[in-house]
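Peer 1: Below, each chain spelled out in residue letters.
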Amino acid sequence: MHIVDRRLNPSGKNLANRQRFMRRAKSMIRKAVHESSGSRSIKDADEGGEVVLPAQGVQEPSFHRSATGGIRDHLLPGNKEYIPGDTIPRPQGGGGGRGSEGSPDGDGEDDFRFALSRDEFVDLFLEDLELPDLAKRKVVSAEAVTYHRAGYSVSGSPANLALNRTVRNSLSRRIALRRPKKDELDALQEAIEAFGDEEEHAEKRLALEEELRRKQRRTTLIPYIDPLDVRYKRFESIPKPVAQAVMFCLMDVSGSMTEHMKDLAKRFYVLLYIFLKRRYKNVDVVFIRHTHQASEVDEDTFFNSPETGGTVVSTALEEMQNVVAERYSPDNWNIYAAQASDGDNTASDNDRTARLLTETILPACQYYAYLEVGRDSEHFPPGFIRRDSDLWQTYTAIVRSGAPLAMRKVGHRRDIYPVFRELFAKKTGSEAATA
Amino acid sequence: MSTTLIRAERPLFEGADWEFSTIQRCHDAIQQIAVEELGLNCYPNQIEVIGTEQMLDAYSSIGMPLFYKHWSFGKHFARNEAMYRTGMQGLAYEIVINSNPCISYIMEENTATMQALVIAHAAFGHNHFFKNNYLFQQWTDANGILDYLEFARGFVMQCEERYGEAQVERLLDAAHALMSHAVHRYPRRRTTDLRSEEKRERERRLHDEQVFNDLWRTVPGKETTRQDPTAEERRRSLLQLPQENILYFLEKTAPRLLPWQREILRIVRIIAQYFYPQSQTKLMNEGCATYVHYRIMNRLHEKGLINDGAMVEFLKSHTNVVFQPEFDDQRYSGINPYALGFAMMQDIERICKEPTAEDKIWFPAIAGSGDEMAVLRDIWANYRDESFILQYLSPRMVRHFGLFHVMDDANEPSLRVEAIHDERGYRKIKQALAKHYDVAYTAPDIQVVDVNLAGDRKLILHHRALNRVLLEEKNARMVLQHLADLWGYDVVLKEIDPANDSVLKEHAANPRAGIVPMNVP
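Chains as they are written, first to last, in the working numbering: chain S, 1 to 435; chain G, 436 to 956.
One or more hints might be untrue.
Example chain S residues on the side facing chain G (calculated, C-beta under 7 Å, incomplete) [unchecked claim]: (1) R6; (2) F21; (3) V58; (4) S62; (5) G69; (6) R72; (7) D73; (8) H74; (9) L75; (10) N79; (11) P84; (12) D86.
Derived from the structure by calculation, the hints contain no laboratory data.
Built from N, CA and C at the ideal position, the CB exists for glycine as well.
With these hints in hand, go ahead and build the complete structure from the sequences.
Peer 2: Here it is as structure tokens:
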């Protein structure tokens, strides 16, 4: 008998089947994911989770008899009172513990729960979305490099010695130059000793000794490993595109912003964060809040601490400009900014805001999204015309000039995800900014 | 059995923990009992310790250690995993494969007692049955199955690389849908040998490559085909019609399939055939294994090789396995093959040892023979579920389970009790129950009856609707669609009432493009 321990075998043997299944059931899984993402809090939006799939779409049909009609017989255990000839009213819907015999597997299949891993979930959640202008404009001058193996070289550091290759070279050189092997020398030595000191073999012995000497000389002349043989693993440096991003969250926290609006903004930021996190290894987040003056704060303060004052948007842009200059050089960072506001701005500030945006902020940014949050009750059906806010008007002018700026209005929680999708749907351009 | 007992000095194990040496000791002790006392004849054993994920994995690919890739296995895995994680379903303690050496998977979470039970059950009970039952000998090749699966997996993978995953998936979908009608039910000329099966495929391809000559393609074909009415019979016999093995028929006859597609149909068909005996011997196989583990565990306890605690643990698990809820119990879901099988094996032991007057009338050949193992070994070798019940379901068993027979005619307003556990009912119940284990009775009888290869190539199938029970329509439609896709031309399925040969219902399907290229109309 053999006992084999298979516990350490590589796991995930079923992965290929799982992927095939997911591809097969993709449209259904996608639908289920979107439905389930509506019900879960945005905080764990990028956690994996279970989705419920209807069984029909991934049915495996087979020929089998239907569960009704015709003549059928049942054999049941546990008779207590029946005698032959008794009649039993036909149970409805196969209840009463009978009727299951007539329906083989495959027919009454229930929906089943399907657990997605975090990556699978996020993949489906953000499917078809693309970061606009992903190609960093100044990526060529990026400092970061990675090293890839690229063949062998004759020089290098001892740590990179390619032992196999070196010994192989040495072996072929030794064969080519006929360096005597140790076995041959030993054999000769033995043969000589076998002759002993006897007179009659003296001649043969001398010949052998001569040959041994010759071979020994050859052995010393031809080294075991020659510097010629030595090879090193060669690495080539390949410049790596910048793989880090910073996300600026700008928000108006003046009195006119209600909790509801902040909640909407937060949801949008979280989505953007998940999205960036998926594309970049490092994602920094900078929170800048503003009233009539702006400051960089931590997340908790950003969302929770109340603030009062007027509304001067340009202060936030200035603050952002400072932070960029200080810590996030556009050469090394992909900069994304998302601004949330109810649209109010001090009238005299609009020009300054527009100038700041077009001249300094937008050129440094990969993408700038403006989200105008409204009250829940202000959710207008599409096509309903109302007066655009100051900020909206200002930004519309900038968008027309073709800058990487996108803007949307959101009034209700359920709109966040569609709007987000719209903003980042593949092949978004500046034309996307026509809400 | 000898009554002189030599008590072992110490048990094989104490407590729940085990290590490989424990398994080895258990196996050796069990083997001694199985071979010397029960006279079992087994394949050599290979016991593999696996974890939960691997068990789920084995579940999803019908217990086989290696299998080709298909989404349906991923689906089963996802379902089983979800059921297991939410606690709706436990995992089997073991899976055993009909191969030589006989591979049994045991779970690492099991206690030492459970491992001993599993070894007795699978590595000796099932193993003996696999090696000796005539159906397995006739239909399966335990020596070659693992190699064949390896080949199948490799071949499917090659096809995926060469023709694309989508192509192969569509073909496998269609083949899987027809898998239940892809077995030869009657033995044919030669036994299957899966090793040569693989070799044959290689040689045939090699031959094709050698004799390939592109010029043949340019030779103009025959303008007209001769119509000879006397050739009708000959044509049908050449096509081996009627044919109930649908995949076999397609593999040999479907006009537009490519060689690799035929080979994949063949793989699916051969695997279906490999599992065919298992579906016919579920009751006996489990009965045999359960009886064997019960005897062995008791014997181990008698010998002092397992302690009382382990025995109680074993009995608890054993009684769970052989529990048969009654028909009006919420837990009832059909007759438990473990319960009925085990009870019948024990009953046969009783008939051999302490027959009653009734037994002597019913089973004169074995009643009081004394050597129950010889009788059981003979039964395990020469019967399948249907014939086993027909022969050996004793009146005592019918009374024990309180079996009764109910007729359900859709034309009548209510069900009628036909027979119960009384003098007049024993035989009726025995016959009715045996029918439930007969594949010819439980699986719909569908046959390819005709095709006109020279004309429109419409394929005609008949379903002989036993007792006027029709096919489940939605499924039938889908399977028929798959069949049409493989065939490449129209397909008709007629449901026939065997009583008067009238057509009860007709399904038709037109081929879709995808598997075989379609002519643009």
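Peer 1: Holds or violated: is there a CB of chain G closer than 7 Å to the CB of P84/S?
Peer 2: The hint holds - P84/S has a Cβ within 7 Å of chain G, the shortest such distance being about 6 Å.
Peer 1: At a threshold of 7 Å, is the proposed contact between D73/S and chain G supported by beta-carbon distances?
Peer 2: It holds, given that the least Cβ distance between D73/S and chain G is near 5 Å, below 7 Å.
Peer 1: Quick one, is the F21/S hint okay against chain G at 7 Å, beta carbons?
Peer 2: Nearest chain G Cβ about 3 Å off; hint holds.
Peer 1: For the restraint on S62/S, tell me whether the closest CB of chain G is nearer than 7 Å.
Peer 2: holds, 5 Å
Peer 1: Minimum Cβ distance from D86/S to chain G below 7 Å?
Peer 2: With Cβ-Cβ at 4 Å, under 7 Å, it holds.
Peer 1: Under 7 Å, Cβ to Cβ, is where H74/S needs to be relative to chain G, so tell me if that hint holds or is violated.
Peer 2: Holds: closest Cβ of chain G sits about 5 Å from H74/S, inside 7 Å.
Peer 1: Does L75/S pass the interface hint, meaning its C-beta sits closer than 7 Å to a C-beta of chain G?
Peer 2: With Cβ-Cβ at 5 Å, under 7 Å, it holds.
Peer 1: Would the hint on R6/S be counted as holding, given a Cβ-Cβ threshold of 7 Å to chain G?
Peer 2: holds, 5 Å
Peer 1: Per the CB criterion, is V58/S less than 7 Å away from chain G?
Peer 2: holds, 6 Å
Peer 1: Please check whether N79/S passes as an interface residue: C-beta within 7 Å of a C-beta belonging to chain G.
Peer 2: At 4 Å from the nearest chain G Cβ, N79/S passes the 7 Å test, so the hint holds.
Peer 1: Taking the least C-beta to C-beta distance, is G69/S closer than 7 Å to chain G?
Peer 2: With Cβ-Cβ at 5 Å, under 7 Å, it holds.
Peer 1: So, R72/S near chain G? Judge it on the closest CB pair being under 7 Å.
Peer 2: holds, 5 Å
Checked against the numbered hints above, the structure breaks none of them.
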